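Q: For reference, the chains in residue letters:
Protein chains: 2
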Amino acid sequence: MSNCIIAQSGGPTAAINASLAGVIEAAIESSKIEKIYGSINGIEGVFKNQVIDLGNFFSDYPEDLDTLKKTPAMYLGSCRYKLPEYDKAPEVYDNLFQFFNKLNISYFFYIGGNDSMDTVLKLSQHAKRIESSIRFIGIPKTIDNDLPGTDHTPGFGSAAKFIATAILEIAHDTYIYDLQSVTIVEIMGRNAGWLTAASALARTTYSNAPDLIYLPEVSFSKDLFLQDIKQLQKTKRHIIIAVSEGIKDSNGQYIAAAEAKSKTDQFGHAQLSGVAKTLEAIVSNEIGCKVRSIEISTLQRSAMHSGSLTDINEAVLVGRTAVKKAEENQTGIMMTIVRTIDSPYTVEFKSDLIENVANKEKCVPLEWITESKNDVRSELIDYVFPLIQGEPSLTYKNGIPNFLSIKNASKYMI
Amino acid sequence: MSNCIIAQSGGPTAAINASLAGVIEAAIESSKIEKIYGSINGIEGVFKNQVIDLGNFFSDYPEDLDTLKKTPAMYLGSCRYKLPEYDKAPEVYDNLFQFFNKLNISYFFYIGGNDSMDTVLKLSQHAKRIESSIRFIGIPKTIDNDLPGTDHTPGFGSAAKFIATAILEIAHDTYIYDLQSVTIVEIMGRNAGWLTAASALARTTYSNAPDLIYLPEVSFSKDLFLQDIKQLQKTKRHIIIAVSEGIKDSNGQYIAAAEAKSKTDQFGHAQLSGVAKTLEAIVSNEIGCKVRSIEISTLQRSAMHSGSLTDINEAVLVGRTAVKKAEENQTGIMMTIVRTIDSPYTVEFKSDLIENVANKEKCVPLEWITESKNDVRSELIDYVFPLIQGEPSLTYKNGIPNFLSIKNASKYMI
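If you read the sequences in order, they're chains F and P. Oh and the first sequence: position 392 is 392 in my numbering, straight run, nothing missing. Oh and the second sequence: position 343 is 343 in my numbering, straight run, nothing missing.
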């Protein structure tokens, strides 16, 4: 019998605690695992000796595991720490492994995105270097859906469902006035446009919103953008546009930065703002109709109140399978979701070598983007569709969702 | 037997169609009403002869009435039309009443905010002037909750529930990082701070967010604002602030405009942005910690996916009671909700003379705001609490909410 430790890292999603709950559930059931520790604020908790006894807490409050599955953002806190290369800072690795040994850790689970997978890679390589038997397992999560090796990442489906719902509600909000308008909605994703592309799922029999979709995978042209709008305005009053925060011009420069630069040249000062605000100004100046920009901001990462049941259920199973893989003595792997059948949507939970996935980025395939660079093809919609199905049954308390907070578990800190 | 016509006006809410459904339901049941017409885009539909036969449509699709109750924004479309004074444009009134007579209208229901109640007032006065027997009934709706004569307005509870939910989720999103941060959330309300004040309902046993609340009812001081933050930062890492879009300085000038002006003086150019962005820049310059601004924008008006069941049910009953009042031959009134018992929360549906409510604005009472001008008192929380209780059971289709659109009912246009 030995112990395990779990940590969470990177940016929030609605499903990252569902994976945590999956790991805890399976670890409680495991005959190989005794203590279940949680590291506070990702790997930094290990450096700072900030660790909670999750096994004890959830044995005392088993019903809270269900609440944990429906709580957004990191229950254990997060960090943005990038582990240095071993030769640059061997003492960092020594510290970490000393701490692991002190707590008799055999299994380390890291739930996170790209940077977290890099941490898993480095730690598993170091274990091999020093012949440590600790197993290191990466559990993916990111609303960006940009990790390779897996059909999709937990957290993406919930964010996609919220984005599609928000766009549909924005469409209802917009259609009420009988005047020409342009509404520009900015969606997260610096390099990968998956979430912006998912806005296409908002379309219904009566609404084609978003009418235009601009992704960072293809270059953005201000002239074509204005041409797209003017073309649509010949037949439509309300144009709703989904735009990724990361769209770039043909020189690879972010549009917001490029526009700020051009204004700097003109007026001698830079005005920094988001891409939606930048495009709003362009439409206002060049077309002159009513125009509004909406930046959905962090709401899209943590909108558990509009989560996807498919996403939450899969996130739990990814966590559970990670424990199984660890029990099988696997290490240096990231858990993956493999879509085995398209219809009916069927997946299996597998794993891939961490070196195949860490520090790589999966973007929207160019063949899933229309030639006009302003929309997605049906392949993209078919791909996202099953990921946003179903609604988790949230419990409410005092009119707001009942979430779990580690602040109420402080006496379980060790 | 005679006919009725219904119109919707002003800005969207999640509950405005619930009132429409209530009117339609009761009108279908009424022995005095034969035809149920809907005017497209508020009163403008009457000018433009754009009218739909709602009675026929919902007789053919009775199950759609339930979907209508859970569809945000105006099913019939809206307008921002202000009816001129009679002496300035008598022909406008002649046109309207000619149209009403042509359709054999006896009852006119207008669902809207301040401007719509002004329209009801003017039309009912004109009816008296020309001895017309048409009854004019106002049905309140606004997320701003700024109509007098009624305990609260339909639409406010759903917006308040979404705001409180969003603030709680933003809190979870913010707490994950172990670093000092300020998050500023901008909430709608130019003169009345009800919705911003309702953000206090986000507070739980583990989260005091929003830590600071600034309302337009009291003057805003940049110095006190910075002092409030610095004071809290002595004991807290994460400060979350709810701010009304309409906060003004002691000269009554909007903060965003005042700051833009001061920058104009300094650099010779104006930079217009929202109040949250303006405060973000102030905190960034004067305190220098991590700061983020979030403008919830139109999402808060139409977020039916996070609606309040209490609000939706009351909106339906307000609509139903309006038909009853019309059948009793009342005219020139606005429907009201009267809170008869605080606990258990109990209301009655009544009416008030339209001249008592039109063109007046109800703000948050100063005695419900703390002396420090940066929070609300328990009276405010007790007042809003019952209005955000309960969740409507939305149906979903293809992973997104199933809403109703008039675009699918075009053959019922007359």
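Keep in mind that the hints were calculated from the coordinates and are not lab data. Among the hints, erroneous ones may be present.
Since the list can't tell identical chains apart, any single copy or any two copies may satisfy a pair.
As the list claims (entries may be wrong) - Heads up, simulated DSSO-like pairs for lysine-lysine below, C-alpha to C-alpha not over 30 Å straight-line:
no. : residue 1 : residue 2
1   : LYS102    : LYS373
2   : LYS32     : LYS397
3   : LYS230    : LYS360
4   : LYS102    : LYS397
5   : LYS236    : LYS82
6   : LYS32     : LYS128
7   : LYS411    : LYS350
8   : LYS234    : LYS88
As the structure is a prediction and not an experimental result, all values here were calculated from the model.
Q: Compare the structure with each hint and give your call.
A: Now for the hints, and whether the structure bears them out:
Taking CA atoms no more than 30 Å apart as the test, LYS102 paired with LYS373 passes in neither setting, with 55 Å inside one copy and 51 Å between copies. Neither within a single protomer nor between protomers do LYS32 and LYS397 lie at most 30 Å apart by alpha-carbon distance, with minima of 37 Å and 44 Å respectively. Taking CA atoms no more than 30 Å apart as the test, LYS230 paired with LYS360 passes in neither setting, with 38 Å inside one copy and 41 Å between copies. For the homomeric pair LYS102 and LYS397, neither the shortest alpha-carbon distance inside one copy (41 Å) nor that between copies (52 Å) is at most 30 Å.
Proximity of LYS236 and LYS82 under a CA criterion of 30 Å is satisfied inter-copy only: 26 Å between copies versus 48 Å inside one chain copy. Taking CA atoms no more than 30 Å apart as the test, LYS32 paired with LYS128 passes inside one copy only; the shortest distance there is 21 Å, against 85 Å between copies. Neither within a single protomer nor between protomers do LYS411 and LYS350 lie at most 30 Å apart by alpha-carbon distance, with minima of 36 Å and 53 Å respectively. Taking identical chains as interchangeable, the C-alpha atoms of LYS234 and LYS88 are never at most 30 Å apart, the minima being 61 Å within one chain and 36 Å between chains.
Consistency note: the structure conflicts with the earlier hints numbered 1, 2, 3, 4, 7 and 8.
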